[in-house]
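Q: Here's the letter readout for the chains.
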Amino acid sequence: SQTIHQWPATLVQPVGSPLSLECTVEGTSNPNLYWYRQAAGRGLQLLFYSVGIGQISSEVPQNLSASRPQDRQFILSSKKLLLSDSGFYLCAGGVGTSGRGNEQFFGPGTRLTVL
Amino acid sequence: GDSVTQMEGPVTLSEEAFLTINCTYTATGYPSLFWYVQYPGEGLQLLLKATKADDKGSNKGFEATYRKETTSFHLEKGSVQVSDSAVYFCALRNNQFYFGTGTSLTVIP
Chain A
2 SQTIHQWPAT LVQPVGSPLS LECTVEGTSN PNLYWYRQAA GRGLQLLFYS
52 VGIGQISSEV PQNLSASRPQ DRQFILSSKK LLLSDSGFYL CAGGVGTSGR
102 GNEQFFGPGT RLTVL
Chain U
10 GDSVTQMEGP VTLSEEAFLT INCTYTATGY PSLFWYVQYP GEGLQLLLKA
60 TKADDKGSNK GFEATYRKET TSFHLEKGSV QVSDSAVYFC ALRNNQFYFG
110 TGTSLTVIP
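These protein sequence lines map, in sequence, to chains A and U.
Numbers in the working numbering are just positions in the first sequence, counted from 1, shifted up by 1.
Numbers in the working numbering are just positions in the second sequence, counted from 1, shifted up by 9.
These are calculated hints, taken from the structure and not from any lab test.
Note that this is a predicted model, so its numbers are computed, not measured.
It is possible that some hints are incorrect.
A few chain A residues facing chain U, derived, Cβ under 7 Å [unchecked claim]:
(1) GLY44
(2) LEU91
(3) PRO109
Take a look, some chain A residues computed to stay more than 10 Å from chain U by CB distance [what the hints assert, rightly or not]:
(4) GLN14
(5) GLY55
(6) SER85
For every residue, glycine included, the Cβ atom is placed at its ideal position computed from N, Cα and C.
Hey, can you work out the whole structure from these sequences and the hints?
A: This is the structure we're talking about:
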C-alpha cells in the first residue's frame, strides 16, 4: 500500500527565514504528488502538483515554490517566510488519470508556525 | 468548472445520534466521489468512495450513495460515537481532485 512520509511534524520559524518541507512516497512509482495548505479551521488549498520529475504546476502564486528532484520526493520551499504562511501543510499522492476511482492518499502533515 | 459543496459546520451531536452530512457536486461526465476524515492534528484518511451512479460506499458504519440525479453524496451514520469526532471532507475526482471545505463533527457523551 502507498505511504506518504512528511517531516518535520512541527516547525516554528521566524518571519523572513527560509523553509524546506520534505515529502517522500513509498509503495508506488510515478505518482502524481500534491502540496496542500490548510489554515486553521479552513478547507484544503491546493498549492502545487506534479505529474513527474521536474514537472511542477502552481495553483496559487505566492512566495512558496516546489520541486520534485526524484520520482518519490516532493519538496516545498520558501526563501522568506511570511506570517500568512502559517498553517498545516499536507502532502498527498495519487495514481494517474488512468485510474478514475483511485483516491489520493495523504501524509501526516507538517504544522508550520511563523512568528 | 467542477466543484464540491458540503454543509457548513460545526455539527454537534450526542452519542448514538443519527448523522447526516450533506454533499453536492458539480461536474462534467462521471466523476468518482470520496469521503475523507481528518482527526485532530493528523492528515486525511480515506473513509469511503463510490465510482459510479447508485454505488454505495461504506466503512466503519458510515455510508454514502452516489446519486447522479441529485448530484449528491451525503454521508450518513446510524449511531455516532465520541471517537467519530473529526472533520469530514467530501471530494470528487475527474481529471483533478476537488475537495469540499470540510465539516467539523463533535460527538458528546
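Q: Run every hint past the structure and note whether it holds.
A: Hint by hint, here is what the structure shows:
no., hint, verdict
1, GLY44, "4 Å, holds"
2, LEU91, "6 Å, holds"
3, PRO109, "5 Å, holds"
4, GLN14, "19 Å, holds"
5, GLY55, "20 Å, holds"
6, SER85, "19 Å, holds"
Hint compliance for this structure: every hint is met.
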